[in-house]
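Q: Keeping the supplied structure of chain A fixed, place chain B upon it in accordance with the hints.
Protein chains: 2
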Amino acid sequence: MQTQTQNSQDCISSDRVEGTSVYGSDGDKIGSVDCIMIEKRSGQAREAILDVGSFLGMGGSRHAVPWQKLEYDVDKGGYRLDVTEEQLKEAPSFQESDRERTISDQRHRTAVYDYYSTPVYW
Amino acid sequence: MQTQTQNSQDCISSDRVEGTSVYGSDGDKIGSVDCIMIEKRSGQAREAILDVGSFLGMGGSRHAVPWQKLEYDVDKGGYRLDVTEEQLKEAPSFQESDRERTISDQRHRTAVYDYYSTPVYW
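Residue numbers (our numbering), protein chains in the order written: chain A, 1 to 122; chain B, 1 to 122.
You may find that some hints are simply not true.
Same chains, same label: a pair holds when it works inside one copy or across any pair of copies.
Said to hold, decoys possible - Simulated pairs of lysine-lysine, DSS-like, Cα-Cα distance not exceeding 27 Å:
| # | residue 1 | residue 2 |
| --- | --- | --- |
| 1 | LYS40 | LYS76 |
| 2 | LYS69 | LYS40 |
| 3 | LYS29 | LYS69 |
| 4 | LYS40 | LYS29 |
| 5 | LYS29 | LYS76 |
| 6 | LYS89 | LYS69 |
| 7 | LYS89 | LYS29 |
| 8 | LYS76 | LYS89 |
Hints are computed from structural coordinates only; laboratory data are not their basis.
Okay, chain A solo, but in the shape it has when bound (with noise of 0.2 Å):
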């Protein structure tokens, strides 16, 4: 049973999301949170779409992450994400100009899960 106080703390705000940064298994920032990708129908956030090398907003690659691979560390006041900026490298991105065409292709999300090894929720 929750109670008030963990319940009360149990909500972040989307906007409060966006712009987090992100930490690898190294400890070491490897880019930070662009958005957040809900579920029409559930409501469910499914991934997080990842800011990537980019500085000041221009010439980073976007990396979508099954929203369940991202653990908030409280030290660090930011997430976490169990690899390192090298392994990031070779998973699954896109430029932010490709974004509508990749966000909505079945095949890249289906590679997103399959290389952070997370079961597809479709």
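A: Leaving out everything else, chain B in the frame of chain A:
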């Protein structure tokens, strides 16, 4: 069973939801989505925080609404909430300056679910 097409269309980016217009039961615009409150543990969207009556982001009030009360209206290109602007004025609300205190206030959240006749999830 979902088809690839259905699946590829059934997620939306949090930064697309933010700023989307919200229309009342009479079809008039009553506000816009400020952000989505997401349950940390489950990743489930629980409430939308609506920005009501602000001009250039100033002076508006914030209204938490259970996420499932918002229905996307393709024709309107926005969400539909089954209340009028007058009814929304009577609904639980807060000022942006009170945001942090209010969104962690279980009494406020309870009042929101009560006002919108929505079963609580906690």
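Q: Now look at each hint and say whether the structure bears it out.
A: Status of each hint after checking the structure:
no., hint, in the structure
1, LYS40 x LYS76, "between (31 Å within a copy, 16 Å between copies)"
2, LYS69 x LYS40, "both (20 Å within a copy, 13 Å between copies)"
3, LYS29 x LYS69, "within (16 Å within a copy, 38 Å between copies)"
4, LYS40 x LYS29, "between (30 Å within a copy, 21 Å between copies)"
5, LYS29 x LYS76, "within (10 Å within a copy, 41 Å between copies)"
6, LYS89 x LYS69, "within (16 Å within a copy, 40 Å between copies)"
7, LYS89 x LYS29, "within (13 Å within a copy, 44 Å between copies)"
8, LYS76 x LYS89, "within (22 Å within a copy, 40 Å between copies)"
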